[in-house]
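Novice: Quick note, the sequences are listed as chains V and P, same order.
If you read the first sequence in the numbering used here, its first letter stands for residue 15, the second for the next number, and so on.
If you read the second sequence in the numbering used here, its first letter stands for residue -4, the second for the next number, and so on.
Simulated from the structure, these hints should not be mistaken for lab results.
There may be inaccurate statements among the hints.
As the list claims (entries may be wrong) - Short derived list, chain V residues pointing at chain P, Cβ under 7 Å:
| # | residue |
| --- | --- |
| 1 | Trp208 |
| 2 | Ser300 |
| 3 | Gly436 |
| 4 | Ala438 |
| 5 | Leu442 |
| 6 | Ala448 |
No residue lacks a Cβ here, since even glycine has one placed at the ideal position from N, Cα and C.
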Amino acid sequence: MRTGALRAVLALVAAGLLTTAAGSPAAAATPGPPAPRTPIRHLVMLMQENHSFDNYFGTYPGADGLPAGVCMPVRPDKPERGCVKPHHLGDRPLRDHSHDYKTALRQLDGGKMDGFVRALNVRRQDGTVAMGYYDRGDLPFHWAVADQYVLFDRFFSSSLRGGDANHTFWVAGRPELGNGPTIFDRLQQRGISWKFYIAGHDPQLNIRTPPGERDAHWGRVLDDVPILKLARFADDRRLASHIVDLGEYYKDLQEGTLPAVSFMVDYGASEHPPGDLVLGQRLVRSLVNGLMASSAWKDSAFLYSYDDWGGWYDHVRPPKVDADGYGFRVPALLVSPYARRGHVDHTQLDQTAGIRFVEENWGLAPVGGRDAAARTFTAAFDFSSPPRGPSLLFENLGGTGGATLRRPASGLLYGFYGAAFGVAALVLAAAFAASRRQARLGGRPDHGGAG
Amino acid sequence: MVQLITRPRAVAVAERGPDQAAAPPPLPARLPPWVVVPSGMVIGGVAAFLRLWQLNVLGFNSDEAVYAGQAAAIAGDPALKGIFPVFRAHPLLYQFVTAVLFRGGSRDLVARLLAVAFGLATVYLVYRLGSLLYGQAVGLLAAALLAVCPYHVVVTRQALLDGALTFFATLTVLLLAKFATTGFPPWLWAAGAGFGLTFLAKETGLVFAPATYAFLALVPSIRVRFRDVAGWAVCAALVIAPFPLSLLLGGGSRTAKGFLVWQLFRAPNHDWSFYLTQVSQALGPLLLVAALLALVASVGAWSWRETLLACWAAVPVLFFQVWPVKGFQYLLPVAVVVVVLAAKLVVGAWPRHRLRLPAAARGLAIVALVAGLGLASWGRVSSAGSTSFLAGSGGVPGGREAGRWLQASTPPGSRLLTIGPSMANILAFYGHRRGYGLSVSPNPLHRNPAYQPVNNPDLLIRSGEVQYLVWDSFTAARTPYFTERLLRYVRRYHGQVVHTETVPVRRDGAPTAQPIIVVYQVRP
C-alpha cells in the first residue's frame, strides 16, 4: 500500500514536471507534426469484408479478371466429375461459405489454384457458388468508382489466414500484434492526428471487457479493430479517445477536423456474405460523398479494400513473400482528387500498402516486417496535375435518388415537332394562297352567317 | 350601310334590319394608314415595354423551371439532361422552340423572351381578329387592351406554355373567322392546323375542339360539308401527331398515361371561386364588365361573330371551372375574347344598334380602360421581391440566387431535400442539383408522376443520398406539416445553415432582411 502511494506521488511529480515542461518556451518550440511529403494531408482507409477481386471485378474491362474459358474442376483429382464455369450471381441468396485458413489452402491447392469448388464441397457447402461473380448491375457504385478513379487489380490480402490476421496486417504490418508498435503508436508519437472510426462504437468493448460480458460481437469487434486487444489503447485515455463512433467522421468532415489518418470499419454494411451489397455500397458512397462535400477533399485520399477473399474464386496465384502471405487478391479502390481517372493500377500491393503510404508520407518508421518491404500506391496518383474537383457519385442503388432518366433522342423530337410546324405552315400558306387566287378570280359567294 | 368589315354581301343583307335608319352613322371599316401605323407602333411599343421591363429581375418559378429544364434536356444540356425528364405532362411545342434557342446555352432570359414574343404576336393577332370581326378601330383598341391587360402581361412575361397556347388559340379563332367570313374551306382546314398547334402548345388546348364544334353547330347558316370537317380533322391530326408518336418512340407513353391518371384523380388545388376572384382581378374588372355588356348589348344584333367569341370563351371557362385543378394562367385565351368584346362595346361597333357612346365619351372610356389596365400592369411588373407567391403569377424571389449558390458552392452531384417539389425544380434548374420534395405523396394517384416520393427521408440522409435540406418561405406558408417535418430532419441530422436568401422588408418601421430560402447542410 505504502509502495503504491509512493508510486502515485512520484507519478504526480513526474506529471507535474512534464506539464511544466510542456508549458515552457522550449516545449513551445518543439516542432509540430511532420508535413506530408505529398499533397495528401488526409488518408482515410476503410476495410470491407470477404470478396475476391474476380468475384467483384472479374468482368471489369481492362482489369486482370476472369480468364476466358476457365472452368473449375469439381474434383481436381477426378476431372471426369466435371467443372464449374464462372457464372453471374445477381441477387441469388447466399450463405457465408467457408473462408478459413484450411479452405484457403485447399483452394490454393499448392499453387495450382484448382480447389475453389472442392474446398467448399468438402465443408458440405455448395462449391459452385465460389465461381459466382458480380458485375456492374450488382455493383454500380463500386464500378462507377473504378470508372472515375483507381482500381487495383494486383492488391492481395496480406495473408491466407483470414480476416483477423489481415486486419492486424492492416494496422501493424505483421500477423500478430504482440508487444510491437502499431501505426497509431507512430502517429501518436509524432503528433500526427488519427482516428479509428467504428460503426456503433461501444467504448466498453476492448481487452478490459469483463470476461462475462464478452460475446460474439465482442470477438468480432476486437478482430476487426486489433488495437482494442492492446491494453494501452484501453487504459490510456489519450489513445482511447482516438477510437470513436463512425458518426464522428461526418462531424469531423462538417467541422473541418478530419484527422490526417483515419481507419474505419463497419459491421452491418461490410458486404460480408450474405450481407446486402447495396448496404455496403451505400455506406461507401456516404463516406466518399461526405468527404467530397467537405473542405478536406482537396488534399485527401480514400482507400477501401476487403479483408479477405471470402472463399470466392480468384484466378491469380498469390505471390509468396513470406511465411504468411500473400493471400488471394481482394478488391481495392482509391478515390482522391489526385487519383488517376479511370485507371487500373497493376502495382503489386497488399493490405500493408496503406500504412506504408502513411509511413512514407509522414516520414514514420515501419511498424512491422511486411510494411517495411511493402510497396505503396503512389503510382495511382498524378500529383503533376491540379486536384480534381469533387463530383458526388450516385449510381442507382435502389434508393429514391438513383433512377436514371430515360432520354429520347433529340433528333426524334426535333424531327417530329419540326414536321408539325412544317405541316401547319404548309396548310396556312396553302389556305392563304388559295384565298388570294379565289379573290383574284372574283371571289366566292359566301354562305352568310347571321346568327 | 358601310360594312365595318370586309364581309360577304349575304351577311350584310341578313344583318340589315328595320332599325337601320335610326342607327348612328357607322364607323369606317378601314382606318387611314396614318392612324393605324402610328397607333400600331405605340401599342406594340407599350406591349413590348410592359413585357420586357425588369423581365428577368426574378428567377423562374417552378413551372418555368420545369419547362426550361425540359427544353435544356431536349437541347442536350450536359448539366440538366440528367435532372429533367423530357416527357412530363404536356406536349413539347414550346419546349421544342426553347430547345432550339437553348443550343447556345440554357438561359432563363431566352426562355422568357420567347414567351414575350408569343405575347406580342398575340397582340398583333388580336388586332387582326378584331379588325376582321368588327373593323380596324375595334382591332386596334382590342390590341391596345390586350397589350396592357395585366393578366396577359403577367403570363407572357413567364416561360410558360399558356402564352404560346393563347397565341395559337387566337390564330385558330382568326382562321375560323376567316372561314366564317368567306366560306372558303381551306381556312377551316387551316383552323384545324391552328388547333393542332394549340394542342401541341398545351394539351388543354383540346377544349377548342368542342368550342369549334359548338360554333359551327350554333350557326346553321354556315354550311359545313363533311369533307371540310374531315379536312379540319386531318390537318389537326397531322399537326398533333408528333405528340403521341414521340411519346411512343421516345419511351414516354407510360409517363403520359401516369399523368393522365394523376390529372383525372387529382384533388382540387383551389376552391370554386378561384377564377372569379383571381383571374377577374387580373383581367381587370372594368374590362370584364365591358365585355359582358358587349354581349348583352349584342342581343338585339347577335351574329355569328358573337357566337364565335362566346364559344371561344364559354367552353374553356366551363371546362376549367368544372375541372378540379385550377391554375392562374389557364384562362388566358379567354382574355383575347374579352378584349375584343370590350373594344366592340367602347367603339360602338353595332351595325344596327343605337348603343353608341358619343365620341368624347368613347375617347374617355378608351383612355380610362387602357390607362387603368396599363397602370395595373405597371404595378405588377414594377413590384419585385414580394414574399407572397401565387403559382403562375411570376418569378420566385431568391430561387435563382440560391440555385446559383448551390452550383458554385456544393460538389456536383450533391442532392437536396426541399419541403415541396416546386423549390426542388427551381434549384435543379439553377443549381444543377437534383432535389426531392418531402411533400411528394407515396401514393401514385396523389402525386405528379414526374416526382419521386421520399419514402424514407432518414434513410436518404443516413445513406448520404441527400446532403442539403432547403427551407423556403413560399412552400412553408402552404404546408406547415411538411415544413415542420423538414425542420425535424434538420435538427436530427445536425443541420448547419450554409446559405440564406433574404428579401428586404420593413418591420416595425425599420428595414430588415427576411429569410426566404435557407440551405442547411446535414450529416448522417
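Novice: Work down the list of hints and note, for each, if the structure agrees.
Specialist: Hints and how they fare:
1. Look at V:Trp208: its Cβ only gets to about 21 Å from chain P, farther than 7 Å, so that hint breaks.
2. Because the closest C-beta pair between V:Ser300 and chain P is about 3 Å apart, less than 7 Å, the hint holds.
3. For V:Gly436, the interface hint is violated, since its Cβ never comes within 7 Å of a Cβ in chain P; the closest pair sits about 9 Å apart.
4. The closest approach between the C-beta of V:Ala438 and any C-beta of chain P is roughly 4 Å, which is under the 7 Å cut-off, so the hint is satisfied.
5. Taking 7 Å as the C-beta contact cut-off toward chain P, the hint placing V:Leu442 at the interface holds, the least distance being around 5 Å.
6. With a cut of 7 Å, the hint placing V:Ala448 at the interface with chain P holds, because the nearest CB-to-CB distance is about 5 Å.
Checked against the numbered hints given earlier, this structure breaks hints 1 and 3; the rest are met.
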